[in-house]
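Numbered as in the UniProt record's numbering, the sequence shown ends at 399 without a single skipped number.
Derived from the structure by calculation, the hints contain no laboratory data.
Keep in mind it's a predicted model, so treat the numbers as computed, not measured.
Mixed in with the good hints there might be a few duds.
Across the chosen pairs, the derived CB separations fall in these ranges [claimed, not checked]: (1) 140 with 399: 23 to 29 Å; (2) 128 with 307: 35 to 41 Å; (3) 46 with 200: 27 to 33 Å; (4) 142 with 291: 26 to 32 Å; (5) 355 with 224: 35 to 41 Å; (6) 317 with 212: 35 to 41 Å; (7) 42 with 144: 21 to 27 Å; (8) 173 with 78: 19 to 25 Å; (9) 186 with 141: 30 to 36 Å.
Note that the Cβ used here is the ideal one computed from N, Cα and C, for glycine as well.
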Amino acid sequence: MINLDRYERLKLKKKRLLDSLIVNDILKDKNLIKAIMEVPLEKFIPEKYINSVQLYEDRPALFYYDETNPKNYRTISAPHMIVIMLQGLSLNKNDDLLILGAKSGYIAALAHKLAPKGEIIILEANSEIARITKQNLEKLKLDENISIVIKNPLIGMAELSPWQKILITGAIDQSKINPLLHQLDKNGGVLFAPIGPEIVQTYTQILRQNNQFYGKRQLQVKFSPLITQLEIDELELITDFEEIEIKESYSINSGRVTIKYTEVILDNLIPESQIETVPTSKQNKRLVISLLEGIIKNVLELKIEGNMDKIFSTIDKIERDLEILKSFKKKIFEMKIKRMQNKLNQIRSCNILRKELEKQEFNVEHSIEQKIAIINKTINEINIFIDILKEEIKRIKRE
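Construct the complete structure from the given sequences, taking the supplied hints into account.
The structure is reproduced here in structure tokens:
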């Protein structure tokens, strides 16, 4: 049974926290106030770490602790810092958001409330934290809107760019920022990050307008590194098929960026007046549904096709169809294209590994087991991809 006393007590503490943030002129976004009231922080913290006295105090909340390595622990940022992060992003309801560093999924859950029609992908280097985050999102039925990928967050996700917004939740050196800035949408993409050395960083808001970058330094902070050397080493050794990464085949110019620092960067944003809006029509609906049905047909072929060259050719065709669907994404049907692309990338990764294993001798039992595991993983990813496509078709037909 729900302990109503505890529930009411936490609700009261949450209201007091919000009042304090508002009075101190930190929390200004009404939509964010509503989001914080609706999203239960306690659902993102394992029961053994929940401290009812400290919950909804303006301090970081512990959600992960490695008993074998006491220095390896993770916290959800203090509420005032989360507010500063999310307000600094200036999220719109259709924005696609890339979050670097999971923070147990709580920040992503709040961001989804602010950008309900956009797509959110989290990159997390630590596989255990990624697992915890995935479970948290599933419990609150947010896994259809928020995806988590085990990957070095410093790389970003160029293959799914452009991103309207990028949030970095751990300390990052200035030299590591450039590749991420090039993944921003040219039409007003915003990155928000604690930039600087390990000792102290400056939380900085950076706006991209075409190939111009405008920055505003907001406040000094002290964050732990976005990724540790140990996590980098572990990522390089990953062989578990739940953590497969696609080989980087996407190239985005990551040359030197000049950032013009100013006081109010959003004044530099040019209105999207030149973007045409396409009215929803029966013809557009039929076209989109036809494309989605064609993709399903091609995905099903991946289940039965044995020729690796044909498999990769089919994957390339699906990728081209997804690119066509992008033009309908925000103007009309608000499809989860990035989620589809991410799933296709997982299927491609599985087949890359399968192709590599097929070059080996199969008199070794371990190699055979690996191949079977990859095939099973591929089939599972294909089934999930088909479910996503079918759900999109159902939703579009209802509109």
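Margin query: Tell me if the beta carbons of residue 186 and residue 141 are separated by a distance inside 30 to 36 Å.
Written below: Hint holds: Cβ distance 34 Å, inside 30 to 36 Å.
Note to self: If I claimed the Cβ atoms of residue 46 and residue 200 lie 27 to 33 Å apart, would that claim hold in this structure?
What the structure shows: holds, 30 Å
Notebook entry, point to check: residue 140 and residue 399, beta-carbon distance inside 23 to 29 Å?
Noted result: holds, 25 Å
Notebook entry, point to check: Range hint 26 to 32 Å: satisfied by the CB atoms of residue 142 and residue 291?
Noted result: Taking Cβ atoms as reference, residue 142 and residue 291 lie about 27 Å apart, which means the hint holds.
Next item on the list: May I ask you to test the hint 35 to 41 Å on the CB atoms belonging to residue 317 and residue 212?
Entry: holds, 37 Å
Next item on the list: Starting from the hint 21 to 27 Å, judge whether the C-beta atoms of residue 42 and residue 144 obey it.
Entry: holds, 22 Å
Note to self: Holds or violated: the 19 to 25 Å window for the beta-carbon distance between residue 173 and residue 78?
What the structure shows: holds, 23 Å
Next item on the list: Starting from the range 35 to 41 Å, see whether the pair residue 128 and residue 307 falls in it by beta-carbon distance.
Entry: holds, 38 Å
Notebook entry, point to check: Okay, residue 355 versus residue 224 on CB: inside 35 to 41 Å?
Noted result: Cβ of residue 355 to Cβ of residue 224: about 39 Å, so the range 35 to 41 Å holds.
Checked against the numbered hints given earlier, this structure breaks none of them.
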